[in-house]
Amino acid sequence: MGAQTNSQAGSRASLQTSNKALGRDDLARLVARDIKPGSFVNLGIGQPTLVSNYLTADQDITLHTENGMLGMGPEAQGDEIDGDLINAGKIPVTELPGASYFHHADSFAIMRGGHLDICVLGAFQVSATGDLANWHTGAPGAIPAVGGAMDLATGAKDVFVMMTLLTREGASKIVETCTYPLTGVGCVTRVYTDKAVFLTGPDGVQVRETFGCTLEELQELVPVPLTAAPAVAP
Amino acid sequence: MGAQTNSQAGSRASLQTSNKALGRDDLARLVARDIKPGSFVNLGIGQPTLVSNYLTADQDITLHTENGMLGMGPEAQGDEIDGDLINAGKIPVTELPGASYFHHADSFAIMRGGHLDICVLGAFQVSATGDLANWHTGAPGAIPAVGGAMDLATGAKDVFVMMTLLTREGASKIVETCTYPLTGVGCVTRVYTDKAVFLTGPDGVQVRETFGCTLEELQELVPVPLTAAPAVAP
Amino acid sequence: MLNFVDTVADAVAGIRDGSTVMIGGFGNAGQPFELIDALMDCGATDLTVVNNNAGQGDQGLALLIKEGRVKKMICSFPRQSDSWHFDAKYKAGEIELELVPQGNLAERIRAAGAGIGGFFTPTGYGTMLAEGKETRIIDGRGQVFETPIHADVALIKALKADGKGNLVYRKTARNFGPIMAAAAKHTIVQVSEVVPTGGLDPETVVTPGIYVNKIVKVA
Amino acid sequence: MLNFVDTVADAVAGIRDGSTVMIGGFGNAGQPFELIDALMDCGATDLTVVNNNAGQGDQGLALLIKEGRVKKMICSFPRQSDSWHFDAKYKAGEIELELVPQGNLAERIRAAGAGIGGFFTPTGYGTMLAEGKETRIIDGRGQVFETPIHADVALIKALKADGKGNLVYRKTARNFGPIMAAAAKHTIVQVSEVVPTGGLDPETVVTPGIYVNKIVKVA
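Chains as they are written, first to last, in the working numbering: chain A, 1 to 234; chain B, 1 to 234; chain C, 1 to 219; chain D, 1 to 219.
Bear in mind the hints are in silico, worked out from the structure with no lab data behind them.
Calculated lysine-lysine pairs in the DSS-like style (CA-CA distance at most 27 Å, straight line):
no., chain 1, residue 1, chain 2, residue 2
1, D, Lys72, D, Lys91
2, D, Lys66, D, Lys89
3, C, Lys185, B, Lys36
4, C, Lys160, D, Lys160
5, B, Lys90, D, Lys217
Listed next, the stretches of chain C that the computed footprint assigns to chain B, with coverage defined by at least 3 CB atoms under 8 Å from CB atoms of chain B:
no., stretch
6, 112-120
7, 159-170
8, 208-219
Which residues of chain A face chain C? A partial, calculated answer using Cβ under 10 Å:
no., residue
9, Gly83
10, His104
11, Phe108
12, Ala145
Cβ atoms here follow ideal geometry from the backbone N, Cα and C, with glycine treated the same way.
Just chain A, with the same shape it has in the complex (with noise of 0.2 Å):
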């Protein structure tokens, strides 16, 4: 498990860093390891909130739950768990040494005024431009529910996605277009799957490393260009 976490050495000729897809959690702990030293960063509510469980001590992350802290810790476990400690899931959390307390306004505007390093979403969708669909099927008859989604999506300085690059019955869930209702336009800057891990933005989709196939065969399931990124630290 160590070669494709070495994300650093992900080179226009060595595109491919494990022979395998990823399952979710080596997927969290490379978004984990991907994420600078020191960063403030939210991790949404599902498969984002995996990463937590691979950042260490050394990298200094604080985690924001929108819900009205800064300094989150792990799930509590036993005697724990305080009804009045809780993240954005409702799940509940414990609280970190440094940790703060505020209320919704101001804790939206720490999303909202661009502070948070770093948001991890799952998603539907994303296009080749970085819209994100990830709140709202379209389902008629569906009840909409969109929570903090959309105020993450505007206002973090780099949104990740993890997800899985298809769909069950196949489809990739990076497409030219989103066909389910947006949460944000051009909000996404990476894109972590199990096959690859893609850059997106105005310039197109670049893809930083596969795993388990060639960029060729990514491209085969992909219905955008795709181009290798330059070698460049994540």
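Model the placement of chains B, C and D on the given structure of chain A, informed by the hints.
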């Protein structure tokens, strides 16, 4: 000095509640007695500050200072003086039990959000419809400075003005239309002067009581139509 | 005027049919359950309720919705695994929903308390939640005009109050309490403890008493 | 990234000519005098300064103005009994003044930190300070459109910082610190005391460390 402060006696039949014009302290005492128990009040810099000398403990008035405090106490004396505890006039003050501190945006939210029951301000001019001019003479070359005057004028539920009725030159400061630059439009609800208490608003100018003059004598001084206010508790 | 009352029934007395009621809390943290139960018991109906969610399980706000007392929800996240009473009313067309991104919900409530007439925000721009709203490009970013959410009444939960109505909260239960207290004409607070005036450090007061109208201690 | 530095000179190193610099304080309370002196010494010029006032006496901001280092002041109350250096520059046409009602100043700074593109407020409506600005009637009240005030740098004073950069203030010295810290790209704080991480109660933190970049302890 008892009669003129018995303001509830100000009926149509006996508008005159003092046989002489009021001094600054008498006026401050009168304003203080008119403030309803339990009110939250901001006293402007200068003459309005005198009002605090006449508030009683029974009234349980909470004073706001816009630099960031509720529960402001009297001016600090001797050892009480603390450079970190000042009022909007930058005078050292004291803290009463039950005080609270907040930052400037939160403090002005209290003012601008309509949460103060009363603010008391000085004025250059007040118009018949309650326009206020109190921040700028408009003189050529004068350096303008506004501070929190406009926020207080537009934000408080009731805006009381304290001023002499006449300028040094003998002109009425209650005017048809302000000639000085405005602080706020239609915001003043009551004007306390040395010669009378006026109620201003969309219905024109009503006189609640007079000091050392009759309504007729007052009308000769003031260039807008005056009527006697219906006898009601202040 | 600040009043300390003895019962939650006294606390909610006077809430009228047709009122807009803000209810604090995010999940169970900060939910004023006892005040919501009292609102249920007092009979007020035709309510517009502002809350992050739209009720969970068979308690509190969910029951108010079940009983048809809520004509409209303003919230960010109505659909949850146990929001069945809302779901049923919504699918039956018996409740109106104004869905608001959570940050816009918080900022609009804050705007009401702070006397702001409206504001532009990038959140929601280009999405279906901005449809029909005024937009403009500011500094190169698309932004949406959002208006304040005022309320007749706020029901919130705090940890402690002093005799002046100053409030402190506990951990993430703080959430919507401070902004709802400022946005409502009449703020009703349930607290775990009332301390004498002077018993809270002025540096640590989160909601100044100016925003509080009624306080009830709940065991 | 948060850095603790040893000297005020290190703290202000890197402030460039032409920067917009917010300076905390109201009167002397909360004025970061040592940081202002260091800004004086570092030589940065052509500055736009955001402060409630425009310098008093012969110290701090007044000296920066006297030395011609400030091209523009954004403030609410420049004219004071001892604002002679500003007065002279202003009368000589050597300094630009953007006069802002104090609440608009605070709210515009807050808007910058909170990602708001602009807002409508009744303050200033119908006055000369609204001339040339967009207005509209909202709920029957005239309102003026105001835009956020961003800054490159904020210089503020707090009482204590912990190892994470969380700040608490003291009494009315809090004033502009919290909102300026959020509105500036780079926030530099002078404190009286640095305590270990964990040494501040999380309930009482006023400025979370996310808003702080450099901290220097001043004796």
